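Student: Taking the hints into account, I'd like the entire structure generated from these sequences.
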Amino acid sequence: MQAKRSVVALSVAAAFALSACGQKEEPKPVAASAPAAKPEVVVKLGHVAPMTGPQAHLGKDNENGAVLAVEELNARGMEIGGAKVKFELINEDDQADPKQGSIVAQKLVDAKVNGVIGHLNSGTTIPASKLYADAGIPQISGSATNPKYTQQGFATAFRVMANDVQQGKSLGEFAVKQGVKTVAIVDDRTAYGQGLADEFKKAAEASGLKVVATEYTNDKATDFKAILTKIKSTKAELVFFGGMDAQGGPMAKQMKELGIKAKFLGGDGICTPEFMKLGGPATEGQFCSLPGMPLEKLAKGPEFKERFTKKFGAEIQLYAPYVYDAVMVMADSMKRADSVDPAKFLPAVGKTKYDGVTAMIEFDALGDLKGGAISIYQYKGGKLEYVETLGGSSIESAKADIKADVKEAVADVKDAAKAVAGAATAVGKEAVGDVKDAAKAAAAAGKDAVKAGAAAVKDAADATKAAVEKK
Amino acid sequence: MKNSRFFRSTVGIGLMAGALIALPFVAALGGQAWVRILDFAILYVFLALGLNIVVGLAGLLDLGYIAFYAVGAYTWALLASPHFGLHWPIWAILPIGAGLACFAGVLLGSPTLKLRGDYLAIVTLGFGEIVRIFLNNLNAPINVTNGPQGITLIDPVSFGAFKFSGVTQILGVSVSGPQKYYFLLIALAMLVIVINLRLQNSRIGRAWQAIREDEVAAKAIGINTRNLKLLAFAMGASFGGIAGGIFSAMQGFVSPESFSLIESIMILAMVVLGGMGHIPGVILGAVLLTVLPEVLRYGVGPLQMALFGKMLVDPESLRMLVFGLALVLVMRFKPAGLWPSPERQRELAEAKQ
Amino acid sequence: MDIFLQQIINGLVQGSIYALVALGYTMVYGIMGLINFAHGEVVMIGTLVTITVAGSLLKAGMPVALAGLAGLIAAVLVCMALGWALERVAYRPLRNAPRLTPLITAIGMSIVLQNLAMMIWGRNYLTFPSLLPKVDFELAGANFTAIQIIIVLVSAATMGGLLLLVYRTKLGMAMRATAQNPAVASLMGVNINRVIAAAFVIGSALGAVAGVMVGTYYEIAHYQMGFMLGLKAFTAAVLGGIGNLAGAMLGGILLGIIEALGAGYIGDLTGGFLGSHYQDIFAFVVLIVVLMFKPSGLFGEKTGDRA
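Residue numbers (numbering that gives the first Met the number 0), protein chains in the order written: chain A, 0 to 470; chain B, 0 to 352; chain C, 0 to 306.
In case anyone wonders, no lab produced these hints; they're calculated from the structure. Keep in mind that this is a model prediction, so the values were computed, not measured. Check before you lean on any hint, since a few could be wrong.
[What the hints assert, rightly or not] Straight-line distance between alpha carbons at most 30 Å, and here's what the computed DSSO-like set of lysine-lysine pairs gives:
1) A/K180 <-> A/K201
2) A/K379 <-> C/K58
3) A/K129 <-> B/K162
4) C/K58 <-> A/K310
5) A/K262 <-> A/K180
6) A/K299 <-> A/K276
7) B/K162 <-> A/K147
8) C/K133 <-> A/K260
Tutor: Here is the structure:
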């Protein structure tokens, strides 16, 4: 008996020691000794997302984005600080649980990663960010939209898409545009869902919409008939859902089964192919929002999509392009600072001006994306169709559009003046003088009008830009 | 009897003390994550010992024990963070946390006094869920718990100017935050273990065991079963409350997701797997079940590579699968637990014949 | 009041599913005194098996009704085998073990089954193939579908079949005898091992049917769907008096209706203080209140002290 117990106790200690020893053999950055060959440095990037659980499909999608970026960087071959750089991705599973997230974050800090991409959920990103901040490791998230993440004021916290304040606000404005007067809000009681729903509520009420019902569910539920029935009795015209596709899809379906005619609107959580798959035909005509502009409209978008589907044989679920950009921004910052040491390239991250797949990436003082735009989409015919963009970098494209339109208008006026002048010569030379004068005056007046119009539009665009940048 | 003599001899104590002091530094060789895992193991030892009083000694099947942990954790979070702007010291918060947890224990116990076995289980389970859902939703109309976002930037433990977070130099040795917490936890654990041992061998402890074996007979010989059951819940809960407070301080962040049903079930598994009612067994169970998933997390990937040369199965799914199998196998071959009390072993041996 | 009927209908359908699953729990408990925590996972596997079998048959061009039936049969067979294996491998060796040991084994098996399902079927949500016609009805302002009616009817039929089995057949009598007193029953010539195995197998078959119902109703499935469902069904079984078949059925249906009404009316009842975010605990509160007045559940008999 005594021997057995000692054996048990000793084996526990031994297991510990063995695992600790095992840790020592983890790969460390290799610095080549031969001076002739270019030294090679391994840069470790940590990536964290839920790889098990209800959001595992999104976690895998994020991982794919990161893997694609790392492979392309390695294929390209970068040189930083006089050494050839090889990127290595360390992928961890946080199960969307804050406790696991902290454990995994500590693991990455111990492994002395040079940077962290992630986490996926706001609920895990926020607590983990403290660990990374304490260790001085830059952290860029491609999907955590809760505003608190950057509001904590950590120098190491960044994100490459618009946060929920912007998203909720844009969704609220969009709801008003839809011409509805009453709205019901459902949130799934997670950090993300509740944050988004609250922002939407603020924006909706500020725009004069009446919130007639606030109902709740959770992120593991499948049956919403009870709360939907209650919503039906309030005759709300729009139902807003703050939560993920795994609940949103069945919710839309059950709405249809209960005969609820209200429109369905949600955030980035339901803007995925899963939503359509799970909701079936009930998702037709519903709206959702995504940060940034649609891939098809972005310069590098379609090509990225092609590369992604070719490599993984799967559709982009949601955040893969943002995670891809996050990795690229990390590498770009290292290149600009000419160092892979977090202490040295962290300041460079804040000064990023990188033309990514998803947007022109610049960070504001808190680490949020500057000029983050939100795009609204509608499910039509089994596909996500782009509706419009609100806020942010859309200003640039709008400006460009305006310029083009003005140019066209001026050209038209010129042609019209020419035609008038031509007609005048055909009428008679006496009248020509008068007509010429008249035409000139008309052209001048037209030009002035167009100029004034263009100036007015420019003023409006500038004002909006200033307003957005103020946020 | 032989083993306790060994453990009580000076050499035994000296060796154990030495091992315990060296352990966090050995673990740190593999990274601070391992020290944190050690800290969590000790926290779960607190929880397992607390549950041991309720389930092991008094025989009351409690599936909602994590609620007391949550009460302790949120008490610390509310009294030592920017949330309410309060920053009370440890010697004020821990007793309050333990007291509130005691109160919660009595609250849970009262409606269950007439219930038998598995009815009790489901009611305690419900209670655990009720606490968790309240914590998740008490952010309107008054924001008490900040809902699913949880409470961040919680103060670490500090004795005056000596903070438990960050690295300090003690006697020329660099001691990190998790390592400091380790020593605090070990000290508290000693206290808790001594209290448990005293309880177990006291009149109260024996009364609890009587209730566990045969409640009707216990009542018949004059034991006030009602009061003793409530006492069991209260005492068990208080340990959970203390552990919760330290957990909150250590992690700097609490959210309702850490206090789910699966946690309660895990703690019950620790008690049963270790050896119900036997303090050393319960400690072993807690340490093993905390450390095993982490060892698997680190080990499953490299093990597959070594054995098969490639990843046959996702390490994440394999990890939990192996854990579940471990539970089943241990229960199959050691039904009374890994280290049951001597009385149990005798009972088992008799039953086998 | 206008949504009252709708909520009742919602609750009735949900409750029928709970009842089917609760029966599995209560049968095993009645005979063995064991809470089979892994039962929820058996239901989940039933759903996933149906998806695979019916899905691939549909793709191969089989007509919907046949594919659906084949899926159902496959699910029932697989779950029956699973239930039998569970009993034989995990629980039989522990017949004489301390009371809590099989509970931990059950928890371990639950984890094992969940992760096996994740490895086999992946971690994404799966869509259930459309097996039943989608017809909507409206009655007095309440909407319901043909599927809902079918679920209630199938559940009722299955439960009726079970009652027939337990009260009118020899096997049923053997089961009731074993539940009352295993030692005496074996003296009377009942093969205890076979009876216990039968209880597991039949309970799992019921679980499989419930799994197919769940899949048809919500049209999605996921490897983690069994846990919550199992928990709610267990609550229902306790509410009705665990070990009692009629109690499990009634408990299941009651629980479904209470949840639906609770989610719908909790805001009105508490003047807006509590909202539907507390709907999950509504059921537990009701349970606690019921148990305070009837400590053995609604239909439970006062059993002797099980030490």
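Student: State for each hint whether it applies.
Tutor: Hint check results:
| no. | hint | verdict |
| --- | --- | --- |
| 1 | A/K180 <-> A/K201 | 15 Å, holds |
| 2 | A/K379 <-> C/K58 | 25 Å, holds |
| 3 | A/K129 <-> B/K162 | 17 Å, holds |
| 4 | C/K58 <-> A/K310 | 27 Å, holds |
| 5 | A/K262 <-> A/K180 | 12 Å, holds |
| 6 | A/K299 <-> A/K276 | 27 Å, holds |
| 7 | B/K162 <-> A/K147 | 26 Å, holds |
| 8 | C/K133 <-> A/K260 | 18 Å, holds |
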